[in-house]
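According to UniProt numbering, the sequence shown is numbered sequentially starting from 1.
Rather than coming from a laboratory, the hints here were simulated on the basis of the structure.
None of these values were measured; they are calculated from a predicted model.
Heads up, a few of these hints could be off.
To be verified - Derived DSS-like pairs (lysine-lysine); straight-line CA-CA distance at most 25 Å:
no., residue 1, residue 2
1, Lys90, Lys24
2, Lys63, Lys24
3, Lys85, Lys24
4, Lys63, Lys90
5, Lys85, Lys63
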Amino acid sequence: MWIQQNSSTPAPLADLQGRAVGLKFECSSCNTEVFTDLIGVPAPNDHADSPKHAENHEIEEIKCPGCDITHSLEVDSTFDGVTFKVSDAKEVSYQVAQ
């Protein structure tokens with residue numbers, strides 16, 4: 001089941017930490033629907049000196065199969081939740097691997 005990310009609210013960390021997710025988005029250049037391989041959700045840094053410094057990132061790239069433009073993917077994990085960012089994408093959906 002695909003879950004559309006709410007841009008103002010991170011996804012629950014408890015549901016995603018230590019899991020892998022697939023992302024889905026529409027290419028802003030050619031409107032092709034793009035599906036990623038599974039991406040690991042990193043754990044926040046529990047040894048950080050403040051919640052602001054606890055943020056952890058996973059960064060990857062994917063080429064659109066429709067137009068070969070390269071999109072940057074970023075998974076940001078904090079104690080407040082997980083945010084998925086895709087360069088030039090208006091909406092991002094995610095699916096947790098079983």
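Hint-by-hint comparison with the structure:
1. Lys90 to Lys24: holds, 11 Å
2. Lys63 to Lys24: holds, 13 Å
3. Lys85 to Lys24: Satisfied, since the Cα-Cα distance of roughly 11 Å is no more than 25 Å.
4. Lys63 to Lys90: holds, 17 Å
5. Lys85 to Lys63: Distance ~15 Å between Lys85 and Lys63 Cα, so the pair holds.
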